[in-house]
Amino acid sequence: MSDADLHLLTGAYAADALSAGESRAFEEHLDGCASCALEVRELQATASLLGAAAAEAPPSSLKATVLSQARVTPQAASLETARTRRLRRLSALLGAAAVVLAVAAIALGAWAAQLHRTADSAVAQAATITQVLTAADATTSSGEIAGGGRGTVVVSRSQQQAVFVASDLAAAGSDRTYQLWWIDATGAARSAGLVAPTSDGSVATVLAGAPDGASHVGVTVEPAGGSAAPTTHPVLVVAVTA
Amino acid sequence: MWGRRASSGVPVGSASLEHLLAIVAQGDHEAFEAVYDRSAPQVYGLVRRVLLDAAQAEEVAQEVFLEVWRSAASFDPSRGGAMTWLLTIAHRRAVDRVRSAQAASDRDVRFGRLQVERDIDVVSEAVEQRLDSAAVRDALSSLTMLQRQALTLAYYGGYTHTEVSELLGVPLGTVKTRIRDGLIRLRDLMGVTA
Numbered sequence: 001m002s003d004a005d006l007h008l009l010t011g012a013y014a015a016d017a018l019s020a021g022e023s024r025a026f027e028e029h030l031d032g033c034a035s036c037a038l039e040v041r042e043l044q045a046t047a048s049l050l051g052a053a054a055a056e057a058p059p060s061s062l063k064a065t066v067l068s069q070a071r072v073t074p075q076a077a078s079l080e081t082a083r084t085r086r087l088r089r090l091s092a093l094l095g096a097a098a099v100v101l102a103v104a105a106i107a108l109g110a111w112a113a114q115l116h117r118t119a120d121s122a123v124a125q126a127a128t129i130t131q132v133l134t135a136a137d138a139t140t141s142s143g144e145i146a147g148g149g150r151g152t153v154v155v156s157r158s159q160q161q162a163v164f165v166a167s168d169l170a171a172a173g174s175d176r177t178y179q180l181w182w183i184d185a186t187g188a189a190r191s192a193g194l195v196a197p198t199s200d201g202s203v204a205t206v207l208a209g210a211p212d213g214a215s216h217v218g219v220t221v222e223p224a225g226g227s228a229a230p231t232t233h234p235v236l237v238v239a240v241t242a
Numbered sequence: 001m002w003g004r005r006a007s008s009g010v011p012v013g014s015a016s017l018e019h020l021l022a023i024v025a026q027g028d029h030e031a032f033e034a035v036y037d038r039s040a041p042q043v044y045g046l047v048r049r050v051l052l053d054a055a056q057a058e059e060v061a062q063e064v065f066l067e068v069w070r071s072a073a074s075f076d077p078s079r080g081g082a083m084t085w086l087l088t089i090a091h092r093r094a095v096d097r098v099r100s101a102q103a104a105s106d107r108d109v110r111f112g113r114l115q116v117e118r119d120i121d122v123v124s125e126a127v128e129q130r131l132d133s134a135a136v137r138d139a140l141s142s143l144t145m146l147q148r149q150a151l152t153l154a155y156y157g158g159y160t161h162t163e164v165s166e167l168l169g170v171p172l173g174t175v176k177t178r179i180r181d182g183l184i185r186l187r188d189l190m191g192v193t194a
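Quick mapping for you: the protein sequence lines, in order, are chains A and B. Using the numbering used here, you'd call the opening residue of the first sequence number 1 and step up by one each time. Using the numbering used here, you'd call the opening residue of the second sequence number 1 and step up by one each time.
Any given hint could turn out to be false.
Calculated lysine to any residue pairs in the SDA-like style (CA-CA distance at most 20 Å, straight line) [unchecked claim]:
#1 63(A) - 163(B)
#2 63(A) - 41(B)
#3 63(A) - 17(B)
#4 63(A) - 170(A)
#5 63(A) - 196(A)
#6 63(A) - 89(B)
#7 63(A) - 142(B)
#8 63(A) - 189(B)
#9 63(A) - 67(B)
#10 63(A) - 53(B)
#11 63(A) - 238(A)
#12 63(A) - 148(A)
#13 63(A) - 177(A)
#14 63(A) - 66(B)
#15 63(A) - 75(A)
#16 63(A) - 199(A)
#17 63(A) - 63(B)
#18 63(A) - 28(B)
#19 63(A) - 168(A)
#20 63(A) - 73(A)
#21 63(A) - 134(B)
#22 63(A) - 144(B)
#23 63(A) - 188(B)
#24 63(A) - 229(A)
#25 63(A) - 70(B)
#26 63(A) - 33(B)
#27 63(A) - 54(B)
#28 63(A) - 185(B)
#29 63(A) - 55(B)
#30 63(A) - 23(B)
#31 63(A) - 74(A)
Just so you have them, the derived chain B footprint on chain A, three or more residues with Cβ under 8 Å [to be verified]:
#32 47-58
#33 68-74
Honestly, the hints are just simulated from the structure, not real lab data. Cβ atoms here follow ideal geometry from the backbone N, Cα and C, with glycine treated the same way.
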């Protein structure tokens, strides 16, 4: 493609109307073409006015989900000095308590839904979940779940227990269930129980069994009733501290 | 229209969206909430317009705000305004979703329906009638019919320029220039600067 042709792609690029391959090629051109780069910025600003004109009130559930996900999501590293990194580590330590509280907030929402269904077991679980989340040695690890949603595992070695919390989990499918696994350093997996998300995709559940030598917690999709060993590729694996 | 509502916190309430993003880049959740409050209708509305489906729009809007949270440090105010940055992320993610494998079947239905109806102007007029901003609506109505059709199918429909060319039955080169000419005319009419 000649340079003259490339210059004409500023509009299609600003409107995201190029294929992925065309887009990459045009971005290489942009690096060396100041006039195209300026035009792209202007046309992106113009396109965003088209975007803003489509404004519509979002569902009220969106805000709480976004804010609680941000609480458990680390930010991408920017260009920082060693000094600010040290400060950040300190504030991260202070923030750990806040993360546990945010996870607890999601968990509370999920319990409320569970309570309608199985009041007795939910109450029993609730007491355990509170113990784990408030344990002095509670550690939190999170990851994106393949297929949608975000999962967080909170482990307390002193309590010898762990809690799995997730939001926006997709339905596992008919005749399928999510299953939790304790995974050790050799890759061996022990079942940690089945997971049934509420209708809004939230989950807060105590893992069956104790962490023992587990280095990771995984989640797979299994046939209804669960499996003795994982039969599918995990949709989530997070490391848990020893 | 950006300053819809400030968070209850006094400092973030009066800050510009650009300034708020700089505070978000420091890991500040209060500033992030203020960014959400000021931009959620625009982000969600745009994503919804492209995806049509409310449930998918909510998922993608979540992804957009998480990306905003994670990558706030990469926002560079010298390269454009904060709302442009937010809506560029939102549009890109909406388009990625609509072109992804899982959306392919829905998309075939939409694509096929459009091809059968061959009544593209109905689509772009319907889009325009639903737009909130009179300035944008007026500016769009001053474009030529082909500029308007190409631009609205690409931007609100999420179609690639190749697909727009097939839908409208005009050569790809014509679609490229019509999208660009249309945006340039809107830029000039609305006095947009980078």
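A quick look at each hint next to the structure:
With a C-alpha separation of about 35 Å, the suggested pair residue 63(A) and residue 163(B) falls outside the 20 Å cut-off, and the hint is violated. Distance hint between residue 63(A) and residue 41(B) is fulfilled; the C-alpha atoms sit about 11 Å from each other, no more than 20 Å. About 17 Å separates the Cα atoms of residue 63(A) and residue 17(B), which keeps this hinted pair within 20 Å; it holds. Restraint check for residue 63(A) and residue 170(A): the C-alpha separation of about 19 Å stays at or below 20 Å, so the hint holds.
For the hint linking residue 63(A) to residue 196(A), the alpha-carbon distance of about 24 Å lies beyond 20 Å, and the restraint is violated. For the suggested pair residue 63(A) and residue 89(B), the alpha carbons sit about 18 Å apart, so the restraint of at most 20 Å is met. For the proposed pair residue 63(A) and residue 142(B), the alpha carbon gap of about 37 Å is over 20 Å, so the pair is violated. The suggested pairing of residue 63(A) with residue 189(B) is violated, with an alpha-carbon distance near 35 Å, which exceeds 20 Å.
Annotation: proposed proximity of residue 63(A) to residue 67(B) holds, straight-line Cα distance about 15 Å (limit 20 Å). For the hint linking residue 63(A) to residue 53(B), the alpha-carbon distance of about 18 Å falls within 20 Å, and the restraint holds. Taking the CA atoms of residue 63(A) and residue 238(A), the gap is about 26 Å. The hint is violated against a cut of 20 Å. For the proposed pair residue 63(A) and residue 148(A), the alpha carbon gap of about 18 Å is at most 20 Å, so the pair holds.
About 28 Å separates the Cα atoms of residue 63(A) and residue 177(A), which puts this hinted pair outside 20 Å; it is violated. The hinted pair formed by residue 63(A) and residue 66(B) meets the criterion: a straight-line CA distance of about 11 Å does not exceed 20 Å. Straight-line distance between C-alpha atoms of residue 63(A) and residue 75(A) comes to about 18 Å, which keeps the hinted pair within the 20 Å bound. This hinted pair checks out: residue 63(A) and residue 199(A) have alpha carbons roughly 18 Å apart, not beyond 20 Å.
This hinted pair checks out: residue 63(A) and residue 63(B) have alpha carbons roughly 12 Å apart, not beyond 20 Å. Of the supplied pair hints, the one linking residue 63(A) and residue 28(B) holds, its CA atoms being roughly 16 Å apart against a limit of 20 Å. For a cut-off of 20 Å, the pair hint linking residue 63(A) to residue 168(A) stands: about 13 Å separates their Cα positions. With a CA separation close to 15 Å, the supplied pair residue 63(A) and residue 73(A) stays within the 20 Å bound.
Proposed proximity of residue 63(A) and residue 134(B) is contradicted: the alpha carbons are some 28 Å apart, above 20 Å. Between the alpha carbons of residue 63(A) and residue 144(B) the distance comes to roughly 39 Å, so the proposed pair goes past 20 Å and is violated. For the proposed pair residue 63(A) and residue 188(B), the alpha carbon gap of about 35 Å is over 20 Å, so the pair is violated. Between the alpha carbons of residue 63(A) and residue 229(A) the distance comes to roughly 38 Å, so the proposed pair goes past 20 Å and is violated.
Between residue 63(A) and residue 70(B) the alpha-carbon distance is near 16 Å, which keeps this suggested pair within the 20 Å criterion. With a C-alpha separation of about 8 Å, the suggested pairing of residue 63(A) with residue 33(B) holds against the 20 Å cut-off. For a cut-off of 20 Å, the pair hint linking residue 63(A) to residue 54(B) stands: about 15 Å separates their Cα positions. A distance of roughly 36 Å separates the Cα atoms of residue 63(A) and residue 185(B); the hinted pair therefore is violated under the 20 Å criterion.
For a cut-off of 20 Å, the pair hint linking residue 63(A) to residue 55(B) stands: about 14 Å separates their Cα positions. Between residue 63(A) and residue 23(B) the CA atoms are separated by roughly 19 Å; this keeps the pair inside 20 Å, and the hint holds. Proposed proximity of residue 63(A) and residue 74(A) is supported: the alpha carbons are some 18 Å apart, at most 20 Å. For the region 47-58 of chain A, the stated coverage by chain B holds: 12 residues have a C-beta nearer than 8 Å to a C-beta of that chain, and at least 3 were required.
For the region 68-74 of chain A, the stated coverage by chain B is satisfied: 5 residues place a CB nearer than 8 Å to a CB of that chain, which reaches the threshold of 3.
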